[in-house]
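Colleague: From first to last, the protein sequence lines stand for chains X and V. The numbering of the first sequence is the UniProt record's numbering, which starts it at 1 and goes up by one. The numbering of the second sequence is the UniProt record's numbering, which starts it at 1 and goes up by one.
If you're looking for bench data, these hints aren't it; they were derived computationally from the structure. These numbers were taken from a predicted model, which means no experiment stands behind them. Be aware that one or more of the hints could be misleading.
Straight line, CA to CA, 27 angstroms or less: simulated DSS-like cross-link-like pairs of lysine-lysine [said to hold, decoys possible]:
#1 X:K58 - X:K15
#2 X:K395 - V:K137
#3 X:K283 - X:K254
#4 V:K74 - X:K398
#5 V:K80 - X:K386
#6 V:K122 - V:K137
#7 X:K355 - V:K137
#8 V:K127 - X:K386
#9 V:K80 - X:K254
#10 X:K386 - V:K359
#11 V:K273 - X:K395
#12 V:K376 - V:K324
#13 X:K355 - V:K376
#14 V:K354 - V:K376
#15 X:K254 - X:K264
#16 V:K137 - V:K221
Computed from the model, here is a short list of chain X residues facing chain V with C-beta under 8 angstroms [said to hold, decoys possible]:
#17 N81
#18 I85
#19 E86
#20 L221
#21 I222
#22 E334
#23 Y347
#24 T357
#25 S359
#26 K386
#27 N391
#28 K395
All residues carry an ideal CB built from backbone N, CA and C; glycine is no exception.
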Amino acid sequence: RPQSGSRLQVSAALKEGRVSPTELCQRCLALLRSTTFLNAYITVAGEAALKQAEESEKRYRRGQPLGVLDGIPIAVKDNFNTAGIETTCASNMLKGYISPYNATVVQKLLDQGAVLLGKTNLDEFAMGSGSTDGVFGPVRNPWSYSRQYKEKSVPKSRSEDEESNWVIAGGSSGGSAAAVSSFTCFAALGSDTGGSTRNPAAHCGVVGLKPTYGLISRHGLIPLVNSMDVPGILTRCVDDAAVVLGSLAGHDPKDSTTVQDDFKPFELPNLTDVSKLSIGIPKEYRAPGLSSEILSLWSKAADLFKNAGAKVIEVSLPHTCYSIVCYHVLCTTEVASNMARFDGLEYGHRSDMNKSTESMYAATRREGFNDVVRGRILSGNYFLLKQNYENYFIKAQKVRRLIANDFMKVFGSGVDILLTPTTLSDAVPYEEFIKEDNRTRSAQDDILTQAANMAGLPAINVPTALSERGLPVGLQFIGRSFQEKQLLTVAKWFEKQVKFPMIELEEVKRHDHGVFQHQKSASFS
Amino acid sequence: LAPWVPVVGLEIHAQISSNSKLFSGSQVQFAAPPNSLVSFFDASLPGTLPVLNRRCVEAAVMTGLALNCRINKKSLFDRKHYFYADLPAGYQITQQRVPIAVNGSLSYSLCIDNKMSQMVTKTVRIKQIQLEQDSGKSLHDDTRSQTLVDLNRAGVGLMEVVMEPDMCCGEEAAAAVRELQLILQTLGSSQAVMAEGQLRVDANVSVHHPGEPYGVRTEVKNINSIRFLAKAVDYEIQRQIEELENGGTILNETRAFDSKLGCTVPMRDKEGKQDYRFMPEPNLPPLILYDAKSLPANINHQQVVNIDWIHERLPDLPSVKRAKLVERYGILPEHSFTLLNEDGLTEFFENVVKQTQMKPKKVIGWILNDLLSYLKQHSLRVKESPVSSCLLADLLNLLEKKEISSTAAKQVFAELWKGERKTPLEIVKEKKLEVIQDQKELELICQAVIDGQENEVIVMVLG
Numbered sequence: 001r002p003q004s005g006s007r008l009q010v011s012a013a014l015k016e017g018r019v020s021p022t023e024l025c026q027r028c029l030a031l032l033r034s035t036t037f038l039n040a041y042i043t044v045a046g047e048a049a050l051k052q053a054e055e056s057e058k059r060y061r062r063g064q065p066l067g068v069l070d071g072i073p074i075a076v077k078d079n080f081n082t083a084g085i086e087t088t089c090a091s092n093m094l095k096g097y098i099s100p101y102n103a104t105v106v107q108k109l110l111d112q113g114a115v116l117l118g119k120t121n122l123d124e125f126a127m128g129s130g131s132t133d134g135v136f137g138p139v140r141n142p143w144s145y146s147r148q149y150k151e152k153s154v155p156k157s158r159s160e161d162e163e164s165n166w167v168i169a170g171g172s173s174g175g176s177a178a179a180v181s182s183f184t185c186f187a188a189l190g191s192d193t194g195g196s197t198r199n200p201a202a203h204c205g206v207v208g209l210k211p212t213y214g215l216i217s218r219h220g221l222i223p224l225v226n227s228m229d230v231p232g233i234l235t236r237c238v239d240d241a242a243v244v245l246g247s248l249a250g251h252d253p254k255d256s257t258t259v260q261d262d263f264k265p266f267e268l269p270n271l272t273d274v275s276k277l278s279i280g281i282p283k284e285y286r287a288p289g290l291s292s293e294i295l296s297l298w299s300k301a302a303d304l305f306k307n308a309g310a311k312v313i314e315v316s317l318p319h320t321c322y323s324i325v326c327y328h329v330l331c332t333t334e335v336a337s338n339m340a341r342f343d344g345l346e347y348g349h350r351s352d353m354n355k356s357t358e359s360m361y362a363a364t365r366r367e368g369f370n371d372v373v374r375g376r377i378l379s380g381n382y383f384l385l386k387q388n389y390e391n392y393f394i395k396a397q398k399v400r401r402l403i404a405n406d407f408m409k410v411f412g413s414g415v416d417i418l419l420t421p422t423t424l425s426d427a428v429p430y431e432e433f434i435k436e437d438n439r440t441r442s443a444q445d446d447i448l449t450q451a452a453n454m455a456g457l458p459a460i461n462v463p464t465a466l467s468e469r470g471l472p473v474g475l476q477f478i479g480r481s482f483q484e485k486q487l488l489t490v491a492k493w494f495e496k497q498v499k500f501p502m503i504e505l506e507e508v509k510r511h512d513h514g515v516f517q518h519q520k521s522a523s524f525s
Numbered sequence: 001l002a003p004w005v006p007v008v009g010l011e012i013h014a015q016i017s018s019n020s021k022l023f024s025g026s027q028v029q030f031a032a033p034p035n036s037l038v039s040f041f042d043a044s045l046p047g048t049l050p051v052l053n054r055r056c057v058e059a060a061v062m063t064g065l066a067l068n069c070r071i072n073k074k075s076l077f078d079r080k081h082y083f084y085a086d087l088p089a090g091y092q093i094t095q096q097r098v099p100i101a102v103n104g105s106l107s108y109s110l111c112i113d114n115k116m117s118q119m120v121t122k123t124v125r126i127k128q129i130q131l132e133q134d135s136g137k138s139l140h141d142d143t144r145s146q147t148l149v150d151l152n153r154a155g156v157g158l159m160e161v162v163m164e165p166d167m168c169c170g171e172e173a174a175a176a177v178r179e180l181q182l183i184l185q186t187l188g189s190s191q192a193v194m195a196e197g198q199l200r201v202d203a204n205v206s207v208h209h210p211g212e213p214y215g216v217r218t219e220v221k222n223i224n225s226i227r228f229l230a231k232a233v234d235y236e237i238q239r240q241i242e243e244l245e246n247g248g249t250i251l252n253e254t255r256a257f258d259s260k261l262g263c264t265v266p267m268r269d270k271e272g273k274q275d276y277r278f279m280p281e282p283n284l285p286p287l288i289l290y291d292a293k294s295l296p297a298n299i300n301h302q303q304v305v306n307i308d309w310i311h312e313r314l315p316d317l318p319s320v321k322r323a324k325l326v327e328r329y330g331i332l333p334e335h336s337f338t339l340l341n342e343d344g345l346t347e348f349f350e351n352v353v354k355q356t357q358m359k360p361k362k363v364i365g366w367i368l369n370d371l372l373s374y375l376k377q378h379s380l381r382v383k384e385s386p387v388s389s390c391l392l393a394d395l396l397n398l399l400e401k402k403e404i405s406s407t408a409a410k411q412v413f414a415e416l417w418k419g420e421r422k423t424p425l426e427i428v429k430e431k432k433l434e435v436i437q438d439q440k441e442l443e444l445i446c447q448a449v450i451d452g453q454e455n456e457v458i459v460m461v462l463g
């Protein structure tokens, strides 16, 4: 019986020699190969991973593992720089780009002995909420192929087959979420700017943690919005997220926006008494378009806390309704700025057009970026024009301050944690999702997750239950700045109560030899 | 014809003297092999972030204090966007909203009517000093239709010093820049050598009639020396006056100074006004500076810059040095200007004074009239002088002791200049330039002369 505590379930197995790092790595790679239809990975670094696994094995044999993550297969979203392994951001602009350096978070994982299996798929440059708009094609939600979904789904017509019924993984870190959800790795890095880690985590039934802004280094994370981006952590249980957080958090001199304070990794206590807890339910998160299913689940969750003795109160975050437009202005302006470096001169795609430097730049950028990226650049530049700056950028900054103040007021009034839905509904079929454009989708899907990025607060998706369609639904907890320990402790308690079911995937069953078995098995609701 | 009032303002970029660049650790070095001093950040590799160089902040604070500015305890960084091959990120990190120092002044002196005897002091207001990144260099190879880009300079720290339009002619602009150059070199915050691109000056020039509003101004670039600065400004003033008197108008444009032709020409590259789409730099928190009062108790000293600490350690500025020289040695103010104006000359002068009994008031004549003119004639710097301060002191001692006449001394000096390593005494003996002190010997010589010139003597005696 795996112990609970601050170790990844499988690391116990590694330590006790029940499985070796190379075996583990090979099994994950084999499972990966048999689930390529998910399109979760852009690059698989099989050979390098096996070498890392061999090194790890030597260390275990000597009785000197580097830490809890030694030998653990992980995956990294393809917008993090990885030395020697292609980093594409799912864009033609960076196809074939081999970075000369590792992002700080990647380096930290490697220094702990983690085995890097590969780079995961995403929306191009992390712009999107479905992981459908990258040049390598969309990511498929593993739950599309689960027994739970298949038995509930009713094909609309006879000619329809499984192929066209698959649902999106959410985005933009869909590849990482799918990789963790389908057991091809034990943890994955994502990024979160408006919900990009929590959204796919909810759709794929995994834990998705957005840490406090400034806690984890962004050095090496190719930026979308510098003032909101954070590296995100995707795992199958809350304890694992805490372990990964412990190995990543802390000041990085290479990133001037990380806080100087010392960070002490923590073990999550097993909370039994929630009577001292005050849970806030923000009424504005009952957003238009929120499915009745999720509304009911949210309500059940609130009752769960109430019945366990916690104080559950309704609170108000009055400026929530302005967050979409505010985000739109601040995001596009930063995108316009951050993308200015992609001109084909030093790296990346360079057009053959060479009549002049300017024409080369223009052609390179037209060829290298998809419509979504180009659209945001144009909008962003518009808002930054001298005549527009005051009315758009400055105004949006002020609204952002108001949104952040909403949270401060609520947390200042004695509320410890906020409980909200993560998404408006369970994952929609791909065919339906693409009927609306990226901008519309993003605007709809980000509403519940964005505000936490505006305010820089930590937030986590905890898989809660299966929907009527047999797909995962998660709920979100939002905590105070730098209070990840409290946030994760409450999330862990909740996770224990709901006992979210394990995905029943053919391929996983075939490759599993007891190693992939997760502790939780019973289901909630 | 109504008189014209020319108005001249300056934007000066001084490269900060530091080991590494403003936001990255790559080295700062002149004339290194192309693209050999480029970090990932300088090349704008995606995912890299700026980290502020403490030394650059200190250099800017020093300079601000020396220019009587108010140092802003909180200043901000911004992005200024435009596309150009030598700007890898597509934006420059600068300080547009709140720069590090504001509202200062610079005093400089001019000679009236080209005579060194009358000097007048003028002041120009310093609008601000801001920290910003230098760009790389691009060279256009027209034969091969290509542009060569060298990023060694990309990201080097600059202080942009903005001088208000308080100047009225080329001479004033030149004198102000010269004084700024001396200040920067004294502080060590910039080596300010124009020939190496460490000091770049752009001039803003306009003319108007007294009592009327300021005229349209042009910006003059590509000025490579202080001498050319004066020429460019004066040419542009003249050009504008002529244009306006002929009924024309002045365009708000950028012009380049052509040193060969001695005139300004419109620059080809400028295509109308650019909107730089300024935006705060999100990866750099506000720059907070402290003074003795505001310094928090338990702070890591590596992480803070203390304005008062820097103030206490400022060296004597040129104006103070000059005053001290005048007071200490009794030389004229205009002498002190010349001394400071030549690199190493003050030191040379003081070394000579130390080693000789001759009064400094007399020594200065030798330094400025003899040494300096020889140096200029041979285009040598003080460092390269074949006559050392030691040798000159020896020579002056001989003169002071009246062992040689001043005419003889000049001869000896000319000999010394040949650099044949002879001492003044050796030269005197060789050329028999000694003053004869012995009365008897002198009488013998005089007698010999008189004896040899009997007829002339009779004529003289008879009146």
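Colleague: Indicate, hint by hint, whether the structure satisfies it.
Modeller: For each hint, the structure was consulted:
no. : hint            : result
1   : X:K58 - X:K15   : holds, 12 angstroms
2   : X:K395 - V:K137 : violated, 38 angstroms
3   : X:K283 - X:K254 : violated, 40 angstroms
4   : V:K74 - X:K398  : holds, 20 angstroms
5   : V:K80 - X:K386  : holds, 12 angstroms
6   : V:K122 - V:K137 : violated, 36 angstroms
7   : X:K355 - V:K137 : holds, 20 angstroms
8   : V:K127 - X:K386 : holds, 22 angstroms
9   : V:K80 - X:K254  : holds, 22 angstroms
10  : X:K386 - V:K359 : violated, 65 angstroms
11  : V:K273 - X:K395 : holds, 25 angstroms
12  : V:K376 - V:K324 : holds, 26 angstroms
13  : X:K355 - V:K376 : violated, 50 angstroms
14  : V:K354 - V:K376 : holds, 25 angstroms
15  : X:K254 - X:K264 : holds, 20 angstroms
16  : V:K137 - V:K221 : holds, 16 angstroms
17  : N81             : holds, 5 angstroms
18  : I85             : violated, 14 angstroms
19  : E86             : violated, 13 angstroms
20  : L221            : holds, 6 angstroms
21  : I222            : holds, 4 angstroms
22  : E334            : holds, 7 angstroms
23  : Y347            : holds, 7 angstroms
24  : T357            : holds, 5 angstroms
25  : S359            : violated, 12 angstroms
26  : K386            : holds, 5 angstroms
27  : N391            : violated, 14 angstroms
28  : K395            : violated, 14 angstroms
Of the numbered hints listed earlier, those contradicted by the structure are 2, 3, 6, 10, 13, 18, 19, 25, 27 and 28.
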